[in-house]
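Residue numbers (the numbering used here), protein chains in the order written: chain A, 410 to 738; chain B, 410 to 738; chain C, 410 to 738; chain D, 410 to 738; chain E, 410 to 738; chain F, 410 to 738.
Take the hints with a grain of salt, since some may be wrong.
Intra- or inter-copy, both count: the list cannot distinguish identical chains.
[Claimed, not checked] Below are the DSSO-like pairs computed for lysine-lysine, each with C-alpha atoms no more than 30 angstroms apart in a straight line:
{"id": "1", "residue 1": "K560", "residue 2": "K547"}
{"id": "2", "residue 1": "K733", "residue 2": "K547"}
{"id": "3", "residue 1": "K538", "residue 2": "K438"}
{"id": "4", "residue 1": "K596", "residue 2": "K733"}
Simulated from the structure, these hints should not be mistaken for lab results.
Below are the chains, spelled out letter by letter.
Number of protein chains: 6
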Amino acid sequence: MLPMNSQHQFVNQLKPGMTLDQVFLVRDKDLRTTKSGDLYVVCTLTDRTGSLSARMWQASESLFNAIKTEGFLHVKGRCEDYKGALQFIIDACRPVPADKVDLADYMPVTELDVEQMWAELLEILRAVKDKNLRLLIKKFVEDRAFVAAFKKSPAAMQMHHPFLGGLLEHTLNVARAAAALLPLYPKLNADLVLTSAFLHDIGKSAELTSGLSIRYTDRGQLVGHITIAAIWIAEKARLISEETGEDFPPETLDLVQHILLAHHGEHQWGSPKLPAVPEAFVVHYLDNLDAKIWMTTHAVENDADAESNFTPYMRQLETQIYKKSRELQ
Amino acid sequence: MLPMNSQHQFVNQLKPGMTLDQVFLVRDKDLRTTKSGDLYVVCTLTDRTGSLSARMWQASESLFNAIKTEGFLHVKGRCEDYKGALQFIIDACRPVPADKVDLADYMPVTELDVEQMWAELLEILRAVKDKNLRLLIKKFVEDRAFVAAFKKSPAAMQMHHPFLGGLLEHTLNVARAAAALLPLYPKLNADLVLTSAFLHDIGKSAELTSGLSIRYTDRGQLVGHITIAAIWIAEKARLISEETGEDFPPETLDLVQHILLAHHGEHQWGSPKLPAVPEAFVVHYLDNLDAKIWMTTHAVENDADAESNFTPYMRQLETQIYKKSRELQ
Amino acid sequence: MLPMNSQHQFVNQLKPGMTLDQVFLVRDKDLRTTKSGDLYVVCTLTDRTGSLSARMWQASESLFNAIKTEGFLHVKGRCEDYKGALQFIIDACRPVPADKVDLADYMPVTELDVEQMWAELLEILRAVKDKNLRLLIKKFVEDRAFVAAFKKSPAAMQMHHPFLGGLLEHTLNVARAAAALLPLYPKLNADLVLTSAFLHDIGKSAELTSGLSIRYTDRGQLVGHITIAAIWIAEKARLISEETGEDFPPETLDLVQHILLAHHGEHQWGSPKLPAVPEAFVVHYLDNLDAKIWMTTHAVENDADAESNFTPYMRQLETQIYKKSRELQ
Amino acid sequence: MLPMNSQHQFVNQLKPGMTLDQVFLVRDKDLRTTKSGDLYVVCTLTDRTGSLSARMWQASESLFNAIKTEGFLHVKGRCEDYKGALQFIIDACRPVPADKVDLADYMPVTELDVEQMWAELLEILRAVKDKNLRLLIKKFVEDRAFVAAFKKSPAAMQMHHPFLGGLLEHTLNVARAAAALLPLYPKLNADLVLTSAFLHDIGKSAELTSGLSIRYTDRGQLVGHITIAAIWIAEKARLISEETGEDFPPETLDLVQHILLAHHGEHQWGSPKLPAVPEAFVVHYLDNLDAKIWMTTHAVENDADAESNFTPYMRQLETQIYKKSRELQ
Amino acid sequence: MLPMNSQHQFVNQLKPGMTLDQVFLVRDKDLRTTKSGDLYVVCTLTDRTGSLSARMWQASESLFNAIKTEGFLHVKGRCEDYKGALQFIIDACRPVPADKVDLADYMPVTELDVEQMWAELLEILRAVKDKNLRLLIKKFVEDRAFVAAFKKSPAAMQMHHPFLGGLLEHTLNVARAAAALLPLYPKLNADLVLTSAFLHDIGKSAELTSGLSIRYTDRGQLVGHITIAAIWIAEKARLISEETGEDFPPETLDLVQHILLAHHGEHQWGSPKLPAVPEAFVVHYLDNLDAKIWMTTHAVENDADAESNFTPYMRQLETQIYKKSRELQ
Amino acid sequence: MLPMNSQHQFVNQLKPGMTLDQVFLVRDKDLRTTKSGDLYVVCTLTDRTGSLSARMWQASESLFNAIKTEGFLHVKGRCEDYKGALQFIIDACRPVPADKVDLADYMPVTELDVEQMWAELLEILRAVKDKNLRLLIKKFVEDRAFVAAFKKSPAAMQMHHPFLGGLLEHTLNVARAAAALLPLYPKLNADLVLTSAFLHDIGKSAELTSGLSIRYTDRGQLVGHITIAAIWIAEKARLISEETGEDFPPETLDLVQHILLAHHGEHQWGSPKLPAVPEAFVVHYLDNLDAKIWMTTHAVENDADAESNFTPYMRQLETQIYKKSRELQ
């Protein structure tokens, strides 16, 4: 019974009145009593595109216990508008083992090929000529635990690229943009820009968890990705120095750490230092630009209201986004 | 007498102890009396790289009258340090007619070929496909008075590219950078970005004078380049409409004006609107990036103090600039 | 059946426990199912003073279809408190054609006589002596489409005078205040102050819609009323110039546009220029003063809570407003 | 010898090359030695319009001793430009007793009739009807020491009306403006506005000295005019209460003190409270408007540079002021 | 029936699923109708640790009338999670007279002994040697009405020590900290620091009510505790002066008032003056430190979510608080 | 010849008219020509309290060469006022070898006993009980290079304790204050507070040079003391971990680094993290308090103007400091 629909309807495409017959990931559940004494279940159903409040009337305690938080649930029912938000009324449900679902539907994850992105990033970094910067990059690239975490990490909790692989996707974008602009600015130290483009957000792989839900780690919250990365770079420089028997040049270390510390551009965004070399401005602006392009195009593409020419107000941008710029004419 | 040195020593390269025998542009002059009753002249000598305070002892009133403000003067003498600033002691001098000097040595002017830059800019704009944006660009390109002013204009009074032709140089840089980045962001409206890259600062050709000294015009001071340009664009759209007999599409006009109005990125920098389409962020960040690269590399290249690894404090950047980033190792 | 009460009870005067028998404008509607499977309707009822959430139990699909969004509905039922907000329980209802209601009860509209206000504004402007400013005023006054839109426009979406005719009401207030103050400051250019008082907010007639609901237009959102008005003034000056065969004096144009651009007083409020003539400060402060008087007296008069001496916190003023200042002793 | 010129040339009108033969007030003096061992005097000469650095060569110790700081000195000599600033070379000088000069030339003082202004202010306040506010006004008006200080006090050290009598001049302006606007806003408590217009800056008579030089008093610096005035009002209310045998109504006291505390409008300008009644906004904006009109018209009228259409940059206004707004056409 | 549990379960310790049989203070109540026409009661139950939304199904009008707002109610029922917040379902209830309950359970009140704290504060102040400061302290200590209010007052509405006696508790903490630090900084005027530590927040006893609910008084809202206290100090100084027949030294008065006016440290926090003596910094930082320690430790101790290492986001501190700092290892 | 005065007159005590016969440290020197062709020397003389511009007339090139920059010079001559600044006229001079002077007179250096301060700091840290924090402290205390640098380092370039040993003096003050306050706040983690008090500014020993002049190092400028210290702590934790064979507890490391990163309290002061544990507030406020007490008492003690009750305006404190608070009565 409850045969699976061929296609999962994603949360961000649901509308009042639609009926569903498919699997969701359960976040929260609660058993409540109506005034007449009947039990009912309230729970939150999610997939990688969002979450949905649901209730199931005429529930029993055993049915409630069968539903597992952080487990998968096949549900049948329909969508309603409830006080301006969407609500799902479950008519029937049964648990589904994790190995029967396509996890990628439930975890927010990059739509691009991770290995291909990683290869392209390495290809771009191959242009770096400076011996010490090459050693530094190599130390990170050969650190398996780091690379594994880096490939899985989101770029942020919500702001931009908030999905598994998002950090790599964003980093590659910044590195590509840097590679595209560097020929136009021959006075810049291209090696420094490319290396910093790679390293600028690596601390996020320790700042954020990269499981079913994206959260700050304790260390991310207390120390932050900028300082975490500065420490990692110091540590790699120490290892290089131990291997080569020579000091890692302090100017090189200072500059890479400086660009990292300054890449948020202003104190108020958590940068303990302001950009003090032209290369730092390149990383700062290209980082910001990629984030802003993601935020605005994502907001436009995911806006449910077909009637309005604008998205809802976006607090971080202090404006609504106009949705028609792409399709002039 | 006073045979001309083969090569003009520029103000930004002078050091205490150097002797000079060459022509400067005179800005200010004053005749003063020493305690013992002798007359002496105090004046300011300039070339395109800066200005220099000078004095000539044992002067006479007729000599003083022979020196012309905004005129050229051949001087012979030597440089001294006076209270931390450079001072020039004139031993002998004579006026020189303007047609005997290379004006380019005395007016700050782009070092690049203006016509070549203009041609390259037009080449980049040729990529624009949208019919209305093409018409808009064409209207400006065919406006001879506008083009003449645009080619001569500085990009700013002091901040960046503050020299004749600086506006074109900066605009070309932004357009080049946009052209380089657009292939990486296929979701953007490339036509809109390129058109706006061209138009974003055109109002500066009416905001600033472009003669021997760069100053705000009254209209520049009272109305500002952003609003001036928005008005020009409205005017060109009206002319197109009159010619074609069709309304210039209001969405297109709104978007081009919006990106222009928002290109300073924040209210505090004089933008009456905040960026509300992804294309506006591209123009905002590439504009800013080109300005910051100019400011920092210019500060590094023109810093006289060979001993320090940092330039003096730059108020606009709230930091000193580190001078060694280009030459790692 | 459902005979109409002689008097409409406005939303801002409703209290829990009141029964109603009258017409509202319907904004949203939704058909939902109770746990027991019964259908019920949830909708929003409005008049010009506010909106009210309503539900009707034991509904049918045909009844639901009879209710029209943006249509008028005669309802009978009673008001309740639901979680601190007012809710209306509909016992019976039937649609009412628009021509049977007094539209002024449902659209927020000025309580003053529009033509009388317009006449008074023109009377005040008659004091302007400067030939060019008179021509400029005339151009706007003779532009029928402009005048029609100006008379209907609200002054803002919510902040102050957010109703049809509000722009005229506010503009007249500012002009009156200017006329009252000018004799006290004979050094000011009175013509410039009066002209700018008239023109300072005219762009709002294109920034906001003026129908049943007040919203930003796309152009209002992307370009904004300040720039719209600056462009209109440039356009009128061009037309004057074409008619007179003489240049409209650039100083006059610069000044009128400057005062307009600076009338929000600070960059953070969207002014691209800061006030740079004394006349600009007059317009800025009188504009602000009229808005603040409206906001505070409106908040006091519409505060439902008779027990408290203060209104709720007003975010834009960063304070609560004390309601007893008018009635000392 | 040294016969007095019929007319004092004021400091703000001096130009390089002018010769003078008149009296100044001496601020500082210093005796120095030239390299050749000769003594010379350096001193500062002032009148009510500004100050001027001066030197006298070939001085003697007895001559130096004859010059008195804060004394008057008749000088003969000429003005020079020295490093961009004006300098005066004294050829001859002699002390002048204070009773031989017109003190009004040396102390900045209002050009208006103090008693007439005071009478007009009282006339305006006669419109106040509220019994308690009348008692409060009366308490201040009958306090002779207060009235004497109030009439002499400047309104600020430098910002606006920085001269003896300036506080009264400014207060009268605000009261006049309030009286002019109140008929337009009948919902306001006019008594409260007029009383507060009178009292809003009274604390300045204790915050600033009103002698030859205007400085902060210690109490002005440590406690400030806003709190000083709040305390005075509390004290007057207590006295009224003692006389009448009835409590001064606390709501009235609260409101007058509130408007006073809030009249700077924002915390950053030293207001401990933000305006929370409409009447507070009236006092805040009219106070600000009068100050800004003074600052801008004063800057325009006192600008020495006839060539420029703009005054120098004014830090408090964050802009230069355009000087041609009064004389359009 | 409904025998009282021996121990009151406080609101901040309740969890879904718990059953209760105890007394609460009722804040709000409302009678509503279900769709099926049944009546039910919605009310808010509180004790000194927080508030709880409750409903009672199958209610009658007489039962509703028996429940008194601001009265005590013995309830029996159980806690549920409702949309993420706790809700209480009342099965049975009856009113309880105020004299049958321990009021301290229902009003937020210090857990410390008020008289003992007061005695310790006086003991600390005994160290003050300066005659005039001693007189000033004495005037306040002997003012019975003041002392009674001071002992009962909270220190704030919500931020820190928001309970009866909180002002004394906070003041004592600041005085203790000052007494502990003063030996380390012998250059400070210890008498001034201790006196100001005592007086810095006294105005709060008139700014806030100290009954069953803590609210701003009208005077607190309009005038604020800082100015209220400055006025009180002026008044006490006047009384001392009348008694002693000597002026209270103005420097002493200025300084005590200055430290009071400056103790919020920045204009944006409502201080009309910035700290201008070292003693003012001591009071400012120790005041702030005590408040921040209370806020953070209170947030940690009252956080219900045992799973998270962080409290929810605290808007005033712009961060979440880490809960594990006390228990390292 | 030139017998040494028994006592060095320090620069901050010099006044116009004083004659001197003593040794200074030379910073800059320059040889210039008078109008009459005579040579003269301009140089800067310094001691640990400040610097003084000097000139010597009738100089020769050999004399000029004998004076060494960064060398010591015995001078004889007198002080003059020159344009409001003090100037010294050298009548005679001769170089003095460094070993003939008391270096402490020329380098700004703590007046306290460094070893005694260090011992007291260690004594305070002995109270730390937590095993891991003890290990961490030990690692730093046993690092000889670190301790040597720490003892010599200033606490800042100018703001507070800007002299050799100033870092230790400031650190000890903060540790003492923490030790004094901790008994009052038993809920705090005292070990964490004391450890962080010790470590909070250690990075300054690498941020600033500690030779004859105090300057930022390149690393200090580019990376900053906060990040430098965070890296050092990570490095020490790694070494501990290697020695003990156990992981250094990550919570402990996170917390110590967090308090360090947050100790400037706000993003704008360069803290990449805001305080998120109560212990972080303690370090932040006590650090700030010690700095502010130094700045204000130092300004009062070093103010040359005996006539004024206030120091000059201090930009960092946005106010002048009142000088009479210590000596009430």
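Hint-by-hint comparison with the structure:
no. : hint          : result
1   : K560 <-> K547 : within (16 angstroms within a copy, 38 angstroms between copies)
2   : K733 <-> K547 : between (44 angstroms within a copy, 24 angstroms between copies)
3   : K538 <-> K438 : neither (56 angstroms within a copy, 44 angstroms between copies)
4   : K596 <-> K733 : between (38 angstroms within a copy, 12 angstroms between copies)
Going down the numbered hints, you'll see the structure goes against just number 3.
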